[in-house]
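Engineer: So the chains spell out like this:
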Amino acid sequence: MAVVFDRPHALVDIPMHYCPGCTHGIAHRLVAEALDELGIEGKTVGISSVGCSYNNYFYFNCDMIQAPHGRAPAVATGVKRSLPDNIVFTYQGDGDLAAIGTAEIVHAAARGENITVIFINNTIYGMTSGQMAPTTLLSQVTTTTPYGRDPKEHGFPIRVCEMLATLSGPAYIERVSLHDIKHIKKAKEAVKKAFKVQIAGKGFSLVEMLSTCPTNWGMTPLEALDRIKNEMLEYYPLGVYAGKDLEV
Amino acid sequence: MGEKLLMKGNEVIAEAAIRAGCRHYFGYPITPQTEIAHYMAKKMPKVGGVFLQAESEVAAINMVYGAASAGKRVMTSSSSPGISLKQEGISYASGAQLPAVVVNIMRGGPGLGGIQPSQSDYFQATKGGGHGDYRMIVLAPSSVQEMYELTVDAFNLADTYRMLAMILGDGILGQMMEVVNFRDEEPIVQADKSWATTGHGMKREHNVITSIHLDPAVLEQWNKGLQEKYRVIAEKEQRYELYRCEDAEIIIVAYGSVARIAKNVIKVAEEEGIKVGLLRPITLWPFPTKAFEQVIDKPRAFLTVEMSSGQMLEDVMLAVGGRKPVYFTGRMGGMIPQVDDIMAKIREIRAN
Numbered sequence: 001m002a003v004v005f006d007r008p009h010a011l012v013d014i015p016m017h018y019c020p021g022c023t024h025g026i027a028h029r030l031v032a033e034a035l036d037e038l039g040i041e042g043k044t045v046g047i048s049s050v051g052c053s054y055n056n057y058f059y060f061n062c063d064m065i066q067a068p069h070g071r072a073p074a075v076a077t078g079v080k081r082s083l084p085d086n087i088v089f090t091y092q093g094d095g096d097l098a099a100i101g102t103a104e105i106v107h108a109a110a111r112g113e114n115i116t117v118i119f120i121n122n123t124i125y126g127m128t129s130g131q132m133a134p135t136t137l138l139s140q141v142t143t144t145t146p147y148g149r150d151p152k153e154h155g156f157p158i159r160v161c162e163m164l165a166t167l168s169g170p171a172y173i174e175r176v177s178l179h180d181i182k183h184i185k186k187a188k189e190a191v192k193k194a195f196k197v198q199i200a201g202k203g204f205s206l207v208e209m210l211s212t213c214p215t216n217w218g219m220t221p222l223e224a225l226d227r228i229k230n231e232m233l234e235y236y237p238l239g240v241y242a243g244k245d246l247e248v
Numbered sequence: 001m002g003e004k005l006l007m008k009g010n011e012v013i014a015e016a017a018i019r020a021g022c023r024h025y026f027g028y029p030i031t032p033q034t035e036i037a038h039y040m041a042k043k044m045p046k047v048g049g050v051f052l053q054a055e056s057e058v059a060a061i062n063m064v065y066g067a068a069s070a071g072k073r074v075m076t077s078s079s080s081p082g083i084s085l086k087q088e089g090i091s092y093a094s095g096a097q098l099p100a101v102v103v104n105i106m107r108g109g110p111g112l113g114g115i116q117p118s119q120s121d122y123f124q125a126t127k128g129g130g131h132g133d134y135r136m137i138v139l140a141p142s143s144v145q146e147m148y149e150l151t152v153d154a155f156n157l158a159d160t161y162r163m164l165a166m167i168l169g170d171g172i173l174g175q176m177m178e179v180v181n182f183r184d185e186e187p188i189v190q191a192d193k194s195w196a197t198t199g200h201g202m203k204r205e206h207n208v209i210t211s212i213h214l215d216p217a218v219l220e221q222w223n224k225g226l227q228e229k230y231r232v233i234a235e236k237e238q239r240y241e242l243y244r245c246e247d248a249e250i251i252i253v254a255y256g257s258v259a260r261i262a263k264n265v266i267k268v269a270e271e272e273g274i275k276v277g278l279l280r281p282i283t284l285w286p287f288p289t290k291a292f293e294q295v296i297d298k299p300r301a302f303l304t305v306e307m308s309s310g311q312m313l314e315d316v317m318l319a320v321g322g323r324k325p326v327y328f329t330g331r332m333g334g335m336i337p338q339v340d341d342i343m344a345k346i347r348e349i350r351a352n
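In order, the protein sequence lines correspond to chains A and B. Here the first sequence stands for residues 1 to 248, numbered as in the numbering used here. Here the second sequence stands for residues 1 to 352, numbered as in the numbering used here.
Take these hints with a grain of salt, some might be off.
What the hints assert, rightly or not - If the Cβ cut is set under 7 Å, some of the chain A residues that face chain B in the computed set are:
# : residue
1 : Pro68
2 : Thr77
3 : Gln140
Unchecked claim - Listing some non-contacts, in silico: residues in chain B with all C-beta distances to chain A over 12 Å:
#  : residue
4  : Arg23
5  : Pro29
6  : Val50
7  : Leu52
8  : Ala54
9  : Ser56
10 : Val58
11 : Ile61
12 : Gly71
13 : Val74
14 : Lys203
15 : Arg204
16 : Ile212
17 : Lys290
If you're looking for bench data, these hints aren't it; they were derived computationally from the structure. Idealized CB from N, CA, C, for every residue including glycine.
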């Protein structure tokens, strides 16, 4: 019988620990498919961060490094400057990348560091049980904004793609969403393009993925997907923020 | 015969690193060690190496974490406040068993402190400034020549034991110029780095570098492995100098630039007919307890001298173990102990 759908080689065949309905699994698969299709698993070094995906080194079949909270872009810089012919990616959540790791991501982007960043934005801290993230939407209830995020108290959510796109360093920045098949297919293209940008030596690439956290949002998986569509897309518009005309 | 050059301490550390095969340096400016970065910025491009000025000390040590993971000889340098910022990365690198060299050219603290020489980061360096049960090999040069030799050794020790090695100097050593005799060729240890994350090339299982083990039983085993390694190092790698200790009435214990002052004290004391010796720890961790066993019977007392409130003093007291009195004198905040101050203390001890 012909195999029409299979696990990518770059994904290890073990059960994942993520909650039901969490989109980390989809994001992992998209990265793994890109590594397979571009034939780069063998020369890729991935950097996991701190958060729910800290141990994705169990899941990705390429060489992996676990980085301190927020520091993945600095660790990736160290690897890429040591092994310029290898492919280096970081996989970071919104707390990791946009709060504690703001300096590292901004300067890796400003340097045009030739790495690829996969940025998971689910507007909440997942692993530590649902605290406010820098991307938490206004009025969103979290365990540290129990009365909703109030801009007077908690400030405003950060739009990472827009912010980084003000820099001259990044070659390619795109925001995608994982809330339905159509968008997942677009996300796949974005991930592949980001790696191609790196392979071509064009510089810094980042793909932000609007993602779910049903557990900490207090929603069913389907409600969570709807929340991306109905609430997140308005504040986090999809699209290419840097490298619109870049051909790779 | 190798080259003989008049060089500044900080520059010698950078030159020694390059001679030891270090081609990756990540740093952030801070006085009084910035000449290391200047030297690297100039020299690294000429030897096909990488110099990168990081956005912070935190980023610099994490770039070291990345380059060490990639199996490269890598170094960062800073001074006290910057080393405090690096502690997170130092703990992670220690947990993940990554070899690298960290240089601390100490200045006065706490806080922003000052920019004058100090030895007040001894606790931080030898007892673990970051979290967790870890150690670094800590080497304390006392001359520019030693800054050269110990930097080369630091890379070899780091690679041999797969851990961090620190050069702990102070602002005097970093800034002063002396003649250095370079070897034609460095004794470079070729350590196995099959653990490095260099891309598996579809030829082996994937390598993982991590410091997290959520199962406490696994984490305890991991820690036991680290402690066993540290035990071996404590047994094999103690280094020290014993200077005129044979018939010394009082033995000064001092490291780094203070040990040089102590040698002047020994001369002055001799003129007064007082026999003083010097026990100079070269490895601060492992602390050279064996040196104390060699000389413990001889003096009537030990005198620890430091540019701190008395940090190494605690290790000296542990090594002496109550068998002889241990005294202390020191200066803080960037002030340097003078020969006269130390002589006054020696006279006071003798009068007791």
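Engineer: Should the label of B/Val74 as a non-interface residue stand, given a Cβ cut-off of 12 Å to chain A?
Structural biologist: The assertion about B/Val74 is violated, with a minimum of 7 Å to chain A.
Engineer: Beyond 12 Å from chain A, beta-carbon-wise, is B/Val58?
Structural biologist: Given a closest Cβ separation of 7 Å, the condition is violated.
Engineer: Under 7 Å, Cβ to Cβ, is where A/Gln140 needs to be relative to chain B, so tell me if that hint holds or is violated.
Structural biologist: violated (29 Å)
Engineer: Beyond 12 Å on every Cβ pair: is that true for B/Ile212 relative to chain A?
Structural biologist: violated (6 Å)
Engineer: So B/Val50 supposedly isn't at the interface. Is its beta-carbon more than 12 Å from every beta-carbon in chain A?
Structural biologist: B/Val50 is in fact no farther than 12 Å from some Cβ atom of chain A, at 5 Å.
Engineer: Is the Cβ of B/Arg23 more than 12 Å away from each Cβ in chain A?
Structural biologist: Given that some Cβ of chain A is not farther than 12 Å from that of B/Arg23, nearest at about 8 Å, it is violated.
Engineer: Does B/Lys203 clear chain A by more than 12 Å, comparing its Cβ with all Cβ atoms of that chain?
Structural biologist: At about 7 Å from chain A, B/Lys203 fails to clear the 12 Å cut-off, so the statement is violated.
Engineer: When you look at the beta carbon of B/Arg204, is every beta carbon of chain A farther off than 12 Å?
Structural biologist: For B/Arg204, whose nearest Cβ neighbour in chain A is about 9 Å away, the distance does not exceed 12 Å, so it is violated.
Engineer: Check the non-interface label on B/Gly71: least C-beta distance to chain A beyond 12 Å or not.
Structural biologist: violated (8 Å)
Engineer: Beyond 12 Å from chain A, beta-carbon-wise, is B/Ala54?
Structural biologist: violated (7 Å)
Engineer: Beyond 12 Å on every Cβ pair: is that true for B/Ile61 relative to chain A?
Structural biologist: At roughly 8 Å from the nearest Cβ of chain A, B/Ile61 sits no farther out than 12 Å, so the non-interface label is violated.
Engineer: Are all C-beta atoms of chain A more than 12 Å from that of B/Pro29?
Structural biologist: holds (15 Å)
Figure legend: structure checked against the earlier numbered hints; hints not met, in rising order: 3, 4, 6, 7, 8, 9, 10, 11, 12, 13, 14, 15 and 16.
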